[in-house]
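Novice: Sequence:
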Amino acid sequence: MRRMSCPHSLTNLQISAYSVNSRYFLPFRKHHNAQYFSSSPFPRLYNKCYSVASISSTPIRRTTNYQPSPWDDSQIQSLNITSFTGDVHVKRREELKEEVKWLIKEKGFADQLELFDLLQKLGVAYHFEEEIKDSLHLMRTLEEELRMTMDAYVMALYFRLSREHGLVASKDLLVQCYKDKNGSYKPSVLHDTKGILSLYEASFLAMDGEDELDELKEFTLKQLRYLKTSNSSTNPKLSEYIAKALELPLHHRIPKLQAPIFIRLARDIEEVNPDPIVIEFAQLDFNMTQSIYIRELKEITSWWTKISSATGGKVTFAREWPVESYFLAVGLAMEPQFSTLRIEVAKAICFINVIDDIYDIYGSLDELQLFTDAVERWEFAAVRALPEYIKICFSELFNMVNSVACKIMEERGLDVLPYLKRAWLDLCKAYMLEARWYYTEYRPTFEEYLDNAWISVSAPLISVIALCLSENLTKVSLESFEFYPSIVRRSSAIFRLYNDLGTSKGEFERGDVSKSIQCYMNQWHISESEAEECVNNIIDKCWKELNREWMRSSRYEEPFKTVAINLPRVAHLMYLQPNDGNVGELNLEKMKDNVISLLLEPITFREE
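Take the sequence shown: its letters are residues 1 to 608, numbered as in the working numbering.
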């Protein structure tokens, strides 16, 4: 596929786009801990806007065309959570888990890699992290022997799985398995469907500078498209499997959400041929974990219903999507042990939706500035002169954040409140700048927009919440945390650009400030399709840099790393799904299907 040549200066910007000292991230060029608070973190951009006093004090309330959530609390509270919570299921899962461990031990390296790949696709690899990492470490000491004995299919598995687990795997090792000494593709690779699929998936673990893997991706894409078509009649299940890979690579998928799809495909495709023990274990684990999700979801919808009732209908202009918010939290931290993190992130997302709509749609500039000041001072007295809807919103946010911080202080003796306050303040200041742009009709350049937008997308806030709720967080690691690490910047940039690709049309039609696509078009005088292609090129570059940061992330706590790598995956799921009826909007009907599949509909067992 030929890539468009993007404007020269933007191409240069992509090359070093998200380095620590890049002007893309000028507001946070210097790292600071939570004790550092700047009164104006965006000085270069603020001086291009007018003062608050220059705007009329008469608020003009805009309206939205957001789709209402198809869920209500009564539906959720009526759900049954007892189906897979009994001792008999717990005992059976433990039995199956031990049998899978035995399978791992008795297999050779090639079969182990295939099994690890299957466990990841089925969303149960977290049960066997120790076994997987031990085996990959051992294989790394024998790489030369592996290269001599394993084919492209297996070597691509080894490369991908190693990098996914934060282990070093040489790009050259992968290239040597599919190219001969003359640089041509080996004939054995050209006729190996499993090998082509494996190489395709491995190419998405490329890091910046690994251009040969870009070539590999283009080559395997072409081959897989041909194989999909040629197998559509003779082997339709294989064709469907290939179509799923072409739709979205494994590295960009949310494993637990895809588990039902892969369980069905694995049972029906001869080329996969999974062990029945693994399939039964995956089905049972999915259903038991689903029971945990339902219990948490009930807590979230009940909590939000009480808050919504307390507002007396004063925030009906905003998105009240507690079920969708919880679904996104599950996508960020799927494993059962992250229950507290899921609940608190879901609550935060509920507030993010409302506060975003206050800044984007409903609040006057005067009200927004006073609200931002109140968040900075973190005092309820600061909002007493504001309208009731803002007082209620700030009060509930204030109570929620303080409650989390107090609980962590009581349980672990860590003062996380300054970090949470800083993250919420950064988000509100980013929203405030966008509101100023709107009211003054200022059109930012692409660079100016992204300087601010990677924060306003709320991914940095969610990352800080994940850090504060990490079970193994220490005082030393907390105090050494910098706002914001490179892994957060890259993850947040991808999240923002996916968001813009999926929703900017609808937001622009509502009169919101220009998003990345419009900024790019205005700055470089190109068409919308050309701007979208350039933004997609930037996303590809960011993924490579995120992959590199992931390899360097061993110093961070596990939930923090997990959320960082899952944020772009969740964004793709949220914003880039087909939505025939609402161009540029979230597809809540499709999200409803995902909620049912992941949270409400157990996998049906089938006799093998």
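Please note that the accuracy of each hint is not assured.
[Claimed, not checked] No farther apart than 25 Å at their CA atoms in a straight line, the calculated lysine to any residue pairs in the SDA-like style are these:
| hint | residue 1 | residue 2 |
| --- | --- | --- |
| 1 | Lys-228 | Asn-182 |
| 2 | Lys-590 | Glu-296 |
| 3 | Lys-237 | Ser-339 |
| 4 | Lys-228 | Asp-208 |
| 5 | Lys-407 | Glu-558 |
| 6 | Lys-217 | Leu-118 |
| 7 | Lys-544 | Glu-212 |
| 8 | Lys-244 | Phe-286 |
| 9 | Lys-590 | Gly-86 |
| 10 | Lys-592 | Lys-194 |
| 11 | Lys-391 | Glu-376 |
| 12 | Lys-101 | Gln-77 |
| 13 | Lys-237 | His-191 |
| 14 | Lys-133 | Ser-554 |
| 15 | Lys-97 | Ser-78 |
| 16 | Lys-407 | Glu-396 |
| 17 | Lys-244 | Pro-260 |
| 18 | Lys-181 | Lys-133 |
| 19 | Lys-244 | Asp-111 |
| 20 | Lys-186 | Lys-133 |
| 21 | Lys-97 | Ala-266 |
| 22 | Lys-592 | Lys-186 |
| 23 | Lys-91 | Asn-80 |
[As the list claims (entries may be wrong)] Label pairs and their computed distance ranges (CB to CB):
| hint | residue 1 | residue 2 | range |
| --- | --- | --- | --- |
| 24 | Lys-101 | Phe-605 | 17 to 27 Å |
| 25 | Glu-528 | Leu-142 | 34 to 44 Å |
| 26 | Lys-181 | Gln-337 | 46 to 56 Å |
| 27 | Asp-593 | Asn-536 | 42 to 52 Å |
| 28 | Asn-536 | Glu-98 | 21 to 31 Å |
| 29 | Pro-70 | Asp-180 | 22 to 32 Å |
| 30 | Ser-527 | Gly-166 | 20 to 30 Å |
Keep in mind that the hints were calculated from the coordinates and are not lab data. Predicted model, so just to flag it, every value in this text is computed and none were measured. Positions of the beta carbon are idealized from the N, C-alpha and C atoms, including for glycine.
Novice: If any of the earlier hints don't hold here, list their numbers in rising order.
Specialist: Of the numbered hints, 1, 3, 4, 9, 10, 12, 15, 18, 20, 22, 25, 27, 28, 29 and 30 do not hold.
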